[in-house]
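Both chains are sitting in their own frames, so use the hints and assemble them into the complex.
Chains R and G supply the protein sequences, listed in that same order. Counting in the numbering used here, the first sequence runs from 1 upward without gaps. Counting in the numbering used here, the second sequence runs from 1001 upward without gaps.
Be a bit skeptical, because a hint or two may be false.
Claimed, not checked - Which bits of chain R does chain G cover? Going by a derived footprint, with three or more residues having C-beta under 8 Å, they are:
(1) 89-95
(2) 209-217
What the hints assert, rightly or not - The calculated label-pair distances, taken between Cβ atoms and stated as ranges, are:
(3) G:R1200 with R:A58: 40 to 50 Å
(4) R:P36 with G:F1017: 55 to 65 Å
(5) R:G14 with G:I1018: 31 to 41 Å
(6) G:V1264 with R:G196: 44 to 54 Å
(7) G:F1017 with R:S147: 42 to 52 Å
(8) G:L1116 with R:A72: 19 to 29 Å
(9) G:G1009 with R:S175: 46 to 56 Å
(10) R:G20 with G:R1200: 42 to 52 Å
(11) G:L1116 with R:A231: 53 to 63 Å
(12) G:E1165 with R:G14: 54 to 64 Å
(13) G:W1267 with R:D131: 55 to 65 Å
(14) R:T13 with G:P1021: 39 to 49 Å
(15) G:R1200 with R:G134: 31 to 41 Å
(16) R:P229 with G:E1165: 46 to 56 Å
Stated by the list, open to error - If you want a taste of the chain G side facing chain R, the calculated C-beta under 10 Å gives, among others:
(17) S1126
(18) E1176
(19) M1178
(20) R1179
(21) T1181
(22) A1183
(23) P1199
(24) I1202
(25) G1203
(26) Y1259
(27) S1261
What the hints contain is simulated information worked out from the structure, not anything from laboratory work. C-beta: ideal position from N, C-alpha, C; glycine also.
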Amino acid sequence: MLRVTDLAKRYRTGDEALRGVTFEVPAGQVVGLIGPSGAGKSTLIRCINRLVEPTSGAINLGDVEITNLSRAQLRKARRRIGMIFQEFALVERLSVMENVLSGRLGYVPFWRSFLRRFPGADIDKAFRLLDRVGLSEHVDKRADALSGGQRQRVGIARALEQDPELLLVDEPTASLDPKTSRQIMRLICEICAERGLAAIINIHDVALAQMFVFRIVGLRAGKVVYDGPPAGLDQVTLAAIYGEEDWTALSAKHKEDAEDAAAVSAAALVSTRAKLGVEQ
Amino acid sequence: MSAVSVAAGRTWRRTPFIANPWLRWAMYAGALVYLVLALGSLHVNWARLADGMVRGWRFIEGFMHPNFTSRADEIAVGLQESIAMTVCATVVGIGLSIPIGIGAARNIAPRPVYYLCRGIVAVARSFQEILYAIFFVAMFGFGTFAGFLTISFATVGFLGKLLAEDIEDIDEGQVEAMRATGASWLQVLNYGIEPQVLPRLIGLSLYRFDINFRESAVVGIVGAGGIGATLNTAINRYEYDVAAAILMIIILIVLVCEYASSHVRRWVQ
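Just chain G, with the same shape it has in the complex (with noise of 0.2 Å):
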């Protein structure tokens, strides 16, 4: 009875992250003083500013008017040319990020195809397309080839790592079960593993299409081709109601990618 009354009047706080007050305050402290020091190092323009102003508007006032007929032509070839793209790089990538990955997981590749793996896995993801785009255009020349192969890199990247990831995480009983009963190497793979990823590859190959069809538009901007290109002549020449129509189809395309690749994925949880 009386530990109970004693117990009446005790506090509790939280214990905080960094347990010294003196260097909790100081962290606080000097990551304010940073940021304002970084916020007066953007020097800002006003002139320039309004100057964009009014650019910007014109621009706006571009899609209250898009124009998708004077670049008809243009525009027709630009979208051949990365859904082409989009396609053949989607395709190429998940066919080698299916080895890549499997070759990639801890659990059953052997130790050097697994650091091999890991390497070029790290390789296609540790810079931005747009980088491998420019080295592309560089070696291959102006055009979609360069676009091609810039997205399946990207592709390999993303897929290989996340279907590594999957095969880690399976679970181990299955796989154990069909080792058990005698099977091989790819009978283990084909039963014990396959099953266990394969909706969640299926729903990724989906998801990097759409990503792939917005990376096409981009890698046209440095020169690999694609409605990317036309979209960034129709910038340099001032002619934003292209560059609005041109957007808009861009944003069309990905709704509908969006939708359908949704729709698929629930279909083969």
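Chain R on its own, in the form it takes in the complex (with noise of 0.2 Å):
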């Protein structure tokens, strides 16, 4: 469905963010893109729709070539591909409504999104779609009175607004606490199940990706150096995506940073209550 041959991006700066990526994705596969920072994990994806430029190199989407396509052409392709963003990119002044309905902007004329006049069917399934992330008591609310949560759902309700055929999701969940994010993992998840959709996830969250995704591909340098199921992510294979790192000692130091900050978040309870109790 999608196919990335030999893709490379070099910014104006001199980084060169990918060096010849090859992969392919077929139709309703959901992939975890996973790789340090800077690894060009957002720059893969961003060339996926175009938002970025690729420098050489060919996307192919179903039959059509993306890196080819006028501007005209590149918009209606834009269409086909729904976005997830690790800040949300919700328009903040806007309703929760009018940003699940800007997901219909390729489609409705300038004068229909200008007079928020959307086709009847456009809002019916922007109703459904917020009853799928559990947001129909929030419709008129302006975005940024949402949670983090909340406001993701309403990115995933925008995403799915243009009846893509593939999701780019970039870090959906960086900005979320632990328990948040992995519902939002699971509902982006199950959604793609749900409608056979495609999906390309970036996550720098290991663990998070191998609960969730069915094949992971790993970035390092601008190059895929792995490219297979999550349980073959083992001591080695993280080795050469993120740099040597005894990940074992990795993991026994993220218990004891937990129970430092339990302790300390336990002391400050007990010095609220003391301070309360001296104000009383």
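Right, here's the structure in full:
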């Protein structure tokens, strides 16, 4: 369904973000894209809908070669690709409904979107999607009045409002707490399964990726260094992706951090109580 | 332990802005000498100053007994002209500054359009309004039309620049998200950019309305009509009581505008 061939991107600063990336995503498959910061994950998914112009290589979505499209053709192609962002990228001052309906901008003429006169079918779809992501009570709230998890749900509904064939998901959980992160990942993966949607999910939390996706592509310094099932990620492959590091020690340290954090918050609670006691 | 005892006697001074002490003190001294010389060059004519005190006092006396009635007709016409000038120039100015402001935003305008619009803004801002008023009076004759053009032009310079800077400061993520949906340029503008800049644009437009009313009183002095012309006539006739009445009316209108606009601004944020 999506085929990326020998894709390269060199920024004007001379940074080579991608150096010959090749992979294929069949219809309905959810792929987790992992790699350290600066490996080119963000650049890669932005090249697919040409928010970033690739320097060379080819991207085929179905039978359309994306890198050769004219401006108008590119707009048509972008309608088929939904995108979900790390910082949600909602239009903060518009309502939840307007944000979801903005997923139809590629389909409706300017006057309709300007007057907010979207076709009835689009509005029905938006209500159904808001229902699906559990936000039917917040339709007319402004996007900036929502919590992080709710905002990302709006982001998901907006992407689906496009009727996409492919979802590009850029660090969907990096701005969320651990529990909400899991809920959002679960929602994205469930929806992809329901609709037979293919997705590429950038994610730097390896454990979270392993929990939800069935295929992992590891990127390092602009090159694919791993492509296979999550179970195949052992010490050696993780070291190939992220560099040498004692991964068992790291997870032990994480545990310590968590314990420290718990101790600190307990101490804070005690001192707050003490303060309140003094004031009373 | 020993490291701590060694550190105990150290002193610390903030690094001066100009590191070289000779250069630093030379610059301070130079600035002081110039200031003294410049003050000496202001020729103060003490006799004339004493004379002026008397006139100044007459002016203050005028404020004690403002005369709203004897020139009521002229004041009414002047006010009507000024308000009409202000409203028209503000509306036209805003209408022109939106496309120019969009064109002058580096992040969304193509390079040639950007330079053209920046140029227009720079020209509109490079001189005080009075100079443009004199120019337009020379071109189109005395009266409110010259005043209207002056204030419109000044509004474009002010709003165009601030709108462009606002657009340059927006959160690009929202724009990127709109582009990713396949939106056209106008749709990106309407959904990705407008909601981010509109509240401040409304606030600035109302603020500009205040300024424009004050400007309309000033441009009249060089012949561009409005309440300023009435004020100028009153001062030329030594009718300080009438001048005082006009100034009071201007102060009142400015206060009302300011109060109203701050109210609306709070409401749109």
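Results of checking the hints against the structure:
For the region 89-95 of chain R, the proposed coverage by chain G is satisfied: 6 residues have a C-beta within less than 8 Å of a C-beta in that chain, meeting the threshold of three. Chain G is given as covering the region 209-217 of chain R, and this is violated because 0 residues of the stretch bring a CB closer than 8 Å to a CB of that chain, at least three being needed. A C-beta distance of roughly 44 Å is found between R1200 (chain G) and A58 (chain R), which places it inside the suggested range of 40 to 50 Å. With their beta carbons about 41 Å apart, P36 (chain R) and F1017 (chain G) fall outside the hinted range of 55 to 65 Å.
Roughly 37 Å separates the CB atoms of G14 (chain R) and I1018 (chain G), a value that falls within the hinted 31 to 41 Å. Separated by about 51 Å at the C-beta atoms, V1264 (chain G) and G196 (chain R) satisfy the suggested range of 44 to 54 Å. At about 46 Å, the CB distance of F1017 (chain G) to S147 (chain R) agrees with the hint of 42 to 52 Å. Hint check: L1116 (chain G) to A72 (chain R), Cβ distance near 26 Å, so the stated range 19 to 29 Å holds.
Distance hint check: the CB atoms of G1009 (chain G) and S175 (chain R) are about 49 Å apart, consistent with the given range 46 to 56 Å. Hint check: G20 (chain R) to R1200 (chain G), Cβ distance near 46 Å, so the stated range 42 to 52 Å holds. Restraint check, L1116 (chain G) to A231 (chain R): a C-beta distance of roughly 60 Å satisfies the suggested window 53 to 63 Å. At about 30 Å, the CB distance of E1165 (chain G) to G14 (chain R) disagrees with the hint of 54 to 64 Å.
Hint check: W1267 (chain G) to D131 (chain R), Cβ distance near 33 Å, so the stated range 55 to 65 Å is violated. Roughly 41 Å separates the CB atoms of T13 (chain R) and P1021 (chain G), a value that falls within the hinted 39 to 49 Å. Evaluation of the 31 to 41 Å hint for R1200 (chain G) and G134 (chain R) yields a pass: the beta carbon distance comes to about 34 Å. Between P229 (chain R) and E1165 (chain G) the CB atoms are about 51 Å apart, so this pair conforms to the stated range of 46 to 56 Å.
With a cut of 10 Å, the hint placing S1126 (chain G) at the interface with chain R is violated, because the nearest CB-to-CB distance is about 33 Å. Checking E1176 (chain G) against chain R by beta carbon gives a least distance of about 6 Å; that is within 10 Å, so the hint holds. For M1178 (chain G), the shortest C-beta to C-beta distance to chain R is roughly 6 Å, which falls under 10 Å, so the interface hint holds. For the restraint placing R1179 (chain G) at the interface with chain R, the shortest Cβ-Cβ distance is roughly 6 Å, inside the 10 Å limit, so the hint holds.
Evaluation of the T1181 (chain G) hint against chain R yields a held restraint, the C-beta minimum of about 5 Å falling below 10 Å. Restraint check, A1183 (chain G) versus chain R: the minimum CB separation of about 4 Å is within 10 Å; hint holds. Contact between P1199 (chain G) and chain R, as hinted, is supported at the beta carbon level, the nearest pair being about 7 Å apart and thus within 10 Å. Taking 10 Å as the C-beta contact cut-off toward chain R, the hint placing I1202 (chain G) at the interface is violated, the least distance being around 12 Å.
With a cut of 10 Å, the hint placing G1203 (chain G) at the interface with chain R is violated, because the nearest CB-to-CB distance is about 14 Å. At about 26 Å, the closest approach between the beta carbon of Y1259 (chain G) and any beta carbon in chain R exceeds 10 Å, and the interface hint on this residue is violated. A distance limit of 10 Å between C-beta atoms decides the matter here; for S1261 (chain G) the minimum to chain R is near 20 Å, and the interface restraint is violated.
Checked against the numbered hints listed earlier, the structure breaks hints 2, 4, 12, 13, 17, 24, 25, 26 and 27; every other hint is satisfied.
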